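Asker: Listed below are the residues making up each chain.
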Amino acid sequence: MFDILVENLTKRFGDFCAVDHISFTVGHGEIFGLLGPNGAGKSTLIRMMTTLIPPTDGTVRINGCDVVRDPDGVRRAIGVIPQALTSDLDLTAVENMRIFAKLYGITGAAARPVIDGLLEAVDLVPWRDKPLKIFSGGMRRRLEIARGLVHAPKIFFLDEPTTGLDPVSRTAVWEMLAKLRKERDLTILMTTHYMDEADKLCDRIAIVDHGKLVALDSPLKLKASVPGRNVIEVSFAAPPPGWSGVLQQLPEVAKVESVDHVYRIGSHNGPATTLAMMEAARDANTAILSLSVQSTTLDDVFVHFTGHQLRDALQAPTHERMVRPGR
Amino acid sequence: MIRVWAIIERDLRRYLRSPALVTMSVVMPLIQLVILGYAFGGKVRNVQLGVVDGDHGVEAAQLKEMFQAVAAGPRTFVAVPYAGEAEALRDLRDGRISAVLHIPPEFSRSVLAGAGPRVALIEDNIDQFSSATVQASLQAIVAAFNRERQPERGARLSGDVTLSVVELYPYVPYMQFLLPGMITLSIFTSAMIGGGIIYIDDKSRGLHEGYLVTPITKFELILGFNLSGVAKAVVSGTLILLIGLVVSGVPDPFNLLRLGRMFVLILVTAMALISLMFLLVVRMNDPLLPRMLFGVLNILLFYPSGALYPTNSFPPWMQVITVLNPFTYAVDGFKSLLLKNTGFAAVGMDILFLLGFAGIAMAAATKLFRRTL
Ligand SMILES: Nc1ncnc2c1ncn2[C@@H]1O[C@H](COP(=O)(O)OP(=O)(O)O)[C@@H](O)[C@H]1O
Ligand SMILES: [Mg+2]
Numbered sequence: 075m076f077d078i079l080v081e082n083l084t085k086r087f088g089d090f091c092a093v094d095h096i097s098f099t100v101g102h103g104e105i106f107g108l109l110g111p112n113g114a115g116k117s118t119l120i121r122m123m124t125t126l127i128p129p130t131d132g133t134v135r136i137n138g139c140d141v142v143r144d145p146d147g148v149r150r151a152i153g154v155i156p157q158a159l160t161s162d163l164d165l166t167a168v169e170n171m172r173i174f175a176k177l178y179g180i181t182g183a184a185a186r187p188v189i190d191g192l193l194e195a196v197d198l199v200p201w202r203d204k205p206l207k208i209f210s211g212g213m214r215r216r217l218e219i220a221r222g223l224v225h226a227p228k229i230f231f232l233d234e235p236t237t238g239l240d241p242v243s244r245t246a247v248w249e250m251l252a253k254l255r256k257e258r259d260l261t262i263l264m265t266t267h268y269m270d271e272a273d274k275l276c277d278r279i280a281i282v283d284h285g286k287l288v289a290l291d292s293p294l295k296l297k298a299s300v301p302g303r304n305v306i307e308v309s310f311a312a313p314p315p316g317w318s319g320v321l322q323q324l325p326e327v328a329k330v331e332s333v334d335h336v337y338r339i340g341s342h343n344g345p346a347t348t349l350a351m352m353e354a355a356r357d358a359n360t361a362i363l364s365l366s367v368q369s370t371t372l373d374d375v376f377v378h379f380t381g382h383q384l385r386d387a388l389q390a391p392t393h394e395r396m397v398r399p400g401r
Numbered sequence: 009m010i011r012v013w014a015i016i017e018r019d020l021r022r023y024l025r026s027p028a029l030v031t032m033s034v035v036m037p038l039i040q041l042v043i044l045g046y047a048f049g050g051k052v053r054n055v056q057l058g059v060v061d062g063d064h065g066v067e068a069a070q071l072k073e074m075f076q077a078v079a080a081g082p083r084t085f086v087a088v089p090y091a092g093e094a095e096a097l098r099d100l101r102d103g104r105i106s107a108v109l110h111i112p113p114e115f116s117r118s119v120l121a122g123a124g125p126r127v128a129l130i131e132d133n134i135d136q137f138s139s140a141t142v143q144a145s146l147q148a149i150v151a152a153f154n155r156e157r158q159p160e161r162g163a164r165l166s167g168d169v170t171l172s173v174v175e176l177y178p179y180v181p182y183m184q185f186l187l188p189g190m191i192t193l194s195i196f197t198s199a200m201i202g203g204g205i206i207y208i209d210d211k212s213r214g215l216h217e218g219y220l221v222t223p224i225t226k227f228e229l230i231l232g233f234n235l236s237g238v239a240k241a242v243v244s245g246t247l248i249l250l251i252g253l254v255v256s257g258v259p260d261p262f263n264l265l266r267l268g269r270m271f272v273l274i275l276v277t278a279m280a281l282i283s284l285m286f287l288l289v290v291r292m293n294d295p296l297l298p299r300m301l302f303g304v305l306n307i308l309l310f311y312p313s314g315a316l317y318p319t320n321s322f323p324p325w326m327q328v329i330t331v332l333n334p335f336t337y338a339v340d341g342f343k344s345l346l347l348k349n350t351g352f353a354a355v356g357m358d359i360l361f362l363l364g365f366a367g368i369a370m371a372a373a374t375k376l377f378r379r380t381l
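Taken in order, these protein sequences are the chains called A and B. Counting in the working numbering, the first sequence runs from 75 upward without gaps. Counting in the working numbering, the second sequence runs from 9 upward without gaps.
Just chain A, same shape as in the assembly (with noise of 0.2 Å):
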């Protein structure tokens, strides 16, 4: 049996449709991630597995449970962090914690060894009688991760766990996360739109953008379904017409792209075409502006499958942000 199972799933909000027929499943003990811009469908995915909205069609599963039959028997299974930082900051650590224990029905000494075992895990121990208007952003993320496990739940739900932390304290998030996942058998699903974040912590990512998933695999296979084990990203000042078509007699060439005078070439082996393409500028009479070579990252991946950048996607308006913040 699955942890997670997802049917077909999909939710409309009048005619747009923010999540369109998405399908995956998710293995006990794994690490799923969803990876996609803002606007991808990724909260919408997060709030229809964990019972807070209705979809519009297709199934969920969890823990075996159907989250529109059986929504307790999924909430009973589940812990779940929104995006939005909502611990209350005039409570302390421990207040917070004790608070969610008693919506799960555990109360004074059953939940003391539960909360202290948990502050400890998330490394909060000095502050838990601390108000928590004086932690910072990544000591807050920390506490709720810990206050959505005060239920000792099998599958766990984050969604953009590290969003606007620095970078320190996103690797301690990760750390955690991933002890976390071992200490407590536990199932994670979270979603994010950094792809080093997926691509360090998931066992498997799935790629959204505009509702739909476009690939799912797990990172390293994700990024050999890339041509090329190199991109090289290179501007001319004045490429000579049918350009493109040099580069890809180029050797150990795999694919070209190009938007304006920059080109993106997918090789198997980076060095030698990098060589083999400044000698054909020279040739050619045309010099380079700006050249680099990488190895192919998620960044690629999502190009490839959407064939946008992520990063720019990244910027691409949402809206109502005002009223709803932490979708």
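Careful: at least some of the hints might be erroneous.
[Stated by the list, open to error] If you anchor each label on the Cβ, the simulated ranges turn out as follows:
id	chain 1	residue 1	chain 2	residue 2	range
1	B	V272	A	T133	45 to 55 Å
2	B	N293	A	K176	22 to 32 Å
3	B	R22	A	S364	34 to 44 Å
4	B	N293	A	N82	26 to 36 Å
Bear in mind the hints are in silico, worked out from the structure with no lab data behind them. The structure displayed is predicted, hence computed values, not measured ones. By construction, the Cβ of each residue, glycine as well, lies at the ideal position given by its N, Cα and C atoms.
Got chain A; can you put chain B with the ligands on it based on the hints?
Answerer: Relative to the frame of chain A, chain B with the ligands by itself:
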């Protein structure tokens, strides 16, 4: 100078692009104008005047006939006949009527004998606008009665009927008179902030998501939200009561029995106002909306409640608000308990209305509440 323009332009552009703000800045004063315009200075009408006729003679009947003329004309008061004085006084104390006119036995004989009988007017003097109006109206009637009997004499003579006025309660300073309205207002403000604004703010900040992903039931959620709102409102109502008792100099301020009764009424009022608030915001998402609602409701509920000016001076459309308004019943109840020292019997109707209001509003809100985002 150009920098000043930068600030001005930015502010004005933002102002013009938020239609809600522009609308409210026009609508609010208009509502205020209309409500306040009718809330003060209207003619007092339909004051309930209990009439006890201990005489049943011809002269007494003539006097009573003159009341009918008032009831048909300016309608300042409505005469309600009572068989006995005790019953009339009880209703007066319980607030069912506002004054009692007692025509003494032997009234007709005294009139005929020119013995100058006295007619007693016992008034609920808590609301001084109403009592002064009724008193003036009755003085005029008695004077007319005397003129009719001895039209040839101009000056008042020893044989004339006189009206002797008895005030039921010790003089109530205006500050004490205001106290019931202020207690209600503090409960309302707390309900509006604690129940309405914080509810929507929490919702839009995603706090409710945290509740909704747990196995909590719809009923538990609603109960939780509202009981905490009631608790906060009761605290502010009680605080204003205690401070107000001292500041306004109510005699025997910490009478435990009265405090206990007041507390029950504060609790019931808080329930009614929190339910009203919850019903209004249950489907709202925009944090700006409850803030605008606050301003409008404040005017719409407070002034027509009779906290400042008698409700029987309002135009009919405003009396509709008065009758449906939980504020009205809370203020009436607090006045009874606080200024007239009555028991629960006098505020039974108020408590019943507030409980019924809370029940209906809560049922409707529960129906509208969605246990999803
Ligand atoms: N309640 C809603 N009503 C209308 N549109 C919505 C609603 N919730 C989300 N959307 C839209 O659906 C799209 C996907 O949103 P979301 O799932 O929040 O994306 P992500 O989390 O990937 O940034 C966005 O365009 C968003 O504006
Ligand atoms: Mg999101």
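Asker: Hint by hint, work out which the structure violates, then give me just those numbers in ascending order.
Answerer: none
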